[in-house]
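K.L.:
Chains as they are written, first to last, in my numbering: chain L, 5 to 434; chain W, 5 to 434.
Some hints here could point you the wrong way.
As the list makes no split between identical chains, a pair holds if one copy fits it or if it spans any two.
Said to hold, decoys possible - Below, computed lysine to aspartate or glutamate pairings styled on DMTMM-like, alpha-carbon distance capped at 20 Å:
id : residue 1 : residue 2
1  : Lys424    : Glu401
2  : Lys424    : Glu310
3  : Lys424    : Glu342
4  : Lys424    : Asp43
5  : Lys424    : Asp293
6  : Lys316    : Glu230
7  : Lys316    : Asp122
8  : Lys424    : Asp297
9  : Lys316    : Asp106
10 : Lys316    : Glu258
11 : Lys316    : Asp297
12 : Lys424    : Glu306
FYI, nobody ran anything at the bench for these hints, they're computed from the structure.
2 protein chains.
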Amino acid sequence: MTSLSSVSPYDNMSPVAQVAYRARAAAADLAPLPRSAKDDALLAMADALEVRTSEIVEANAEDIARAREAGTSETVIDRLTLTPERVRAIAADVRHVAALPDPVGEVVRGSTLPNGIDLRQVRVPLGVVGIIYEARPNVTVDAAALCLKSGNAVLLRGSSSAYSSNTALVRVLRDAVGGSGLPADAVQLVPGESRDSVRELMRARGMVDVLIPRGGASLIRTVVEESIVPVIETGTGNCHVYVDAETDIDMAVEILINSKAQRPSVCNAAETLLVHEDVAAAFLPRALDALADAGVTVHGDERVIEYADATKATIVPATTEDWETEYLSYDIAAAVVESLESAVAHIRLWSSGHTEAIVTTSQAAARRFTQLVDSTTVAVNASTRFTDGGQFGFGAEIGISTQKLHARGPMGLPELTSTKYIVTGDGHTR
Amino acid sequence: MTSLSSVSPYDNMSPVAQVAYRARAAAADLAPLPRSAKDDALLAMADALEVRTSEIVEANAEDIARAREAGTSETVIDRLTLTPERVRAIAADVRHVAALPDPVGEVVRGSTLPNGIDLRQVRVPLGVVGIIYEARPNVTVDAAALCLKSGNAVLLRGSSSAYSSNTALVRVLRDAVGGSGLPADAVQLVPGESRDSVRELMRARGMVDVLIPRGGASLIRTVVEESIVPVIETGTGNCHVYVDAETDIDMAVEILINSKAQRPSVCNAAETLLVHEDVAAAFLPRALDALADAGVTVHGDERVIEYADATKATIVPATTEDWETEYLSYDIAAAVVESLESAVAHIRLWSSGHTEAIVTTSQAAARRFTQLVDSTTVAVNASTRFTDGGQFGFGAEIGISTQKLHARGPMGLPELTSTKYIVTGDGHTR
Chain L
5 MTSLSSVSPY DNMSPVAQVA YRARAAAADL APLPRSAKDD ALLAMADALE
55 VRTSEIVEAN AEDIARAREA GTSETVIDRL TLTPERVRAI AADVRHVAAL
105 PDPVGEVVRG STLPNGIDLR QVRVPLGVVG IIYEARPNVT VDAAALCLKS
155 GNAVLLRGSS SAYSSNTALV RVLRDAVGGS GLPADAVQLV PGESRDSVRE
205 LMRARGMVDV LIPRGGASLI RTVVEESIVP VIETGTGNCH VYVDAETDID
255 MAVEILINSK AQRPSVCNAA ETLLVHEDVA AAFLPRALDA LADAGVTVHG
305 DERVIEYADA TKATIVPATT EDWETEYLSY DIAAAVVESL ESAVAHIRLW
355 SSGHTEAIVT TSQAAARRFT QLVDSTTVAV NASTRFTDGG QFGFGAEIGI
405 STQKLHARGP MGLPELTSTK YIVTGDGHTR
Chain W
5 MTSLSSVSPY DNMSPVAQVA YRARAAAADL APLPRSAKDD ALLAMADALE
55 VRTSEIVEAN AEDIARAREA GTSETVIDRL TLTPERVRAI AADVRHVAAL
105 PDPVGEVVRG STLPNGIDLR QVRVPLGVVG IIYEARPNVT VDAAALCLKS
155 GNAVLLRGSS SAYSSNTALV RVLRDAVGGS GLPADAVQLV PGESRDSVRE
205 LMRARGMVDV LIPRGGASLI RTVVEESIVP VIETGTGNCH VYVDAETDID
255 MAVEILINSK AQRPSVCNAA ETLLVHEDVA AAFLPRALDA LADAGVTVHG
305 DERVIEYADA TKATIVPATT EDWETEYLSY DIAAAVVESL ESAVAHIRLW
355 SSGHTEAIVT TSQAAARRFT QLVDSTTVAV NASTRFTDGG QFGFGAEIGI
405 STQKLHARGP MGLPELTSTK YIVTGDGHTR
């Protein structure tokens, strides 16, 4: 049987075009594979990560040494670090992906048309997925596992600070994939440490089916604005907690503190508190104390500041900039609003459209807020921190899309697929 | 109740930014509307088109006069022309859209999470949809109706050749929308007849949620490459008919002729014939005669030409260019291939990924072709001409997407929506 991987040569191609071309060929081979073949490769990847842990940890040590020399902060070095324990945890994640259902082949719609034609819309892989990401080398393995499970070839463009780690990890993964009979080119590192390789990826329309940038806001903005390859925008979160006129004050304080302070550095943490004026006097003094206890600085509007006097609050006057800032720190913007509609208008104007929560005892308010707010996730009487593929029960997450096309909110395996229609007749013509 | 449409002024905005800004406000008002409110507006639109037909036909006469003066071909003038009958047919289409189910509010996924949170993924409008299209003024009404039904505001950027017609149509539609209590700004014509307004639309990221170019290949390519607003690519069709080794010759000839010649000017017409070498001697002489009878010129490879002698075929030698050409005329490229896999490799290399058909009696071949071909639609023993929203039973079609993200194949109302997650707890925190 002729292999689809052997159609044409790599002459005159740049290094990035070569990996993309190889990935396309691998993707063609992956697409029709049954789940068992993909799961076998995933389990082989997990085993190989464990067996070759020392090789990975040694390569990682080179990155850490370079980072130390460059005066990198200990927080970033911690994110970069791979220990034998962390490698075991990464391998466990890969086994977990193997245990998830295969999205490919799922029949999304199907019917028999009036003329007797059978119509089916079936999930298929996207093809070649490019991931552009920053420091954490665990993303290398996560992304490779999720793409392989969904039948996609992946092009990994990690940061230069993790180059040695990523090179070792991809070597281990490719050996495992190839060893289990699948094309090793399904998992490839994009060569080159400079920004040029990112630019080349962004121009590779027709070779790369989608780019998913994961990381800082500036990286994401660059890719969104410059790429002619379709992009899925991820992870910018200016999330709001709105405390309605009719509310359970205890619940509102708990949800606020959890949304803001349980893990402030992530995209589903709250960045702005909006309080209905009718509940401000009852809620704000308690909320400001609780925020102070959690070590949070409040950037308040004039009406919030009015309630700060008798509290422990560290409070600074809010400027317009505060409404649009994703702090990712122990800071929160806060304003008093006249109505639920004012809260919605504020959110529509300033939110990044990630997650907004309402705390209310009113069914009508919950319903109206849910209808009017146009974000990936609207939480009613629950923390913003639940917007997460793991929490949603997807078993895995490749990122949180904050765009409206293709995928919105936490992206699991189905979001890494497209569909095709299969039309079956017996000689049907029009 | 405060209206969300009255948040800020239009100072210092360009004309295109102003319509986009107004559309955003209208979209916010449309999103929570129940089906009945939208259907009432659609029926009012249909009635108004009929009542004000003469106003529309008179405006259309201006466009036609200008086109005649400019020496436009009669085919294009015919596409541009609105008669009272055609306006009635357009109004009937709008009533048909009103009768379709509302995609907004459909629960796509839903479950109760282990912690008791209720999770629902619900269809919501995209927001503001920009349509960039060429001559036919019926698209103006179609697009407005489909967008309104799916809760979206629409920005219509038609061709300058239809400017008077589109202006009259949009005036009639806006009056009807406003008269039924919905925001008239849900339907707007993009001002300006020059390319500048298209360029401005393409830069309006954050104001416009998606651009859908409909029309010629050059328009679509420009929008795909230059837009930073997300784009849905539509309508390029280099479709293939593959006649397998094991085949019903009569059926293969019928499907070939229907795919190529029933309506050659549309994107789902076949442009290339691939024939398995084992069936070439039995199939090609009959196929070449049938193509000749249908007035089709064959651009054949050497092995096809071998079979032309005893036939009526008009045949010219194929060049590489023929494999990638979307003729949209009575022309077809033709090649003999060694195997099903060679046919698939040819399709992967040259197809635009629209529709490919196989004619075969072999269940194994049908299955393998269906698995390996990566196009929006794979037809087994059926004409390529079935790839169509109407034929698929969608009741309407805004275009045929040939990209993999968001929508693939004929796009109906659900493809004009995004989703959001609704998380409902009773004080849940992490």
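K.L.:
Would you mind marking each hint as holding or not holding in the structure?
P.N.:
Do the hints match the structure? See the list:
For the identical chains of this complex, Lys424 and Glu401 are inter-copy neighbours only, at 17 Å across copies versus 23 Å inside a copy, given an alpha-carbon limit of 20 Å. Taking the shortest alpha-carbon separations for Lys424 and Glu310, neither the intra-copy value of 59 Å nor the inter-copy value of 36 Å comes in at or below 20 Å. Taking the shortest Cα distances, Lys424 and Glu342 never come within 20 Å of each other, neither inside one copy (49 Å) nor across copies (26 Å). Neither within a single protomer nor between protomers do Lys424 and Asp43 lie at most 20 Å apart by alpha-carbon distance, with minima of 23 Å and 31 Å respectively.
For the homomeric pair Lys424 and Asp293, neither the shortest alpha-carbon distance inside one copy (55 Å) nor that between copies (33 Å) is at most 20 Å. Taking the shortest alpha-carbon separations for Lys316 and Glu230, neither the intra-copy value of 47 Å nor the inter-copy value of 53 Å comes in at or below 20 Å. Taking the shortest alpha-carbon separations for Lys316 and Asp122, neither the intra-copy value of 68 Å nor the inter-copy value of 36 Å comes in at or below 20 Å. Taking identical chains as interchangeable, the C-alpha atoms of Lys424 and Asp297 are never at most 20 Å apart, the minima being 54 Å within one chain and 34 Å between chains.
In the homo-oligomer, the alpha carbons of Lys316 and Asp106 never lie at most 20 Å apart, since the shortest distance is 52 Å inside one protomer and 51 Å across protomers. In the homo-oligomer, the alpha carbons of Lys316 and Glu258 lie at most 20 Å apart inside one protomer (17 Å), although the nearest pairing across protomers, at 83 Å, exceeds that limit. With identical chains, the CA atoms of Lys316 and Asp297 are at most 20 Å apart within one copy only, with a shortest distance of 8 Å there and 90 Å across copies. Proximity of Lys424 and Glu306 under a CA criterion of 20 Å is satisfied in neither setting, with 55 Å inside one chain copy and 33 Å between copies.
Hint violations for this structure: numbers 2, 3, 4, 5, 6, 7, 8, 9, 12, all remaining hints satisfied.
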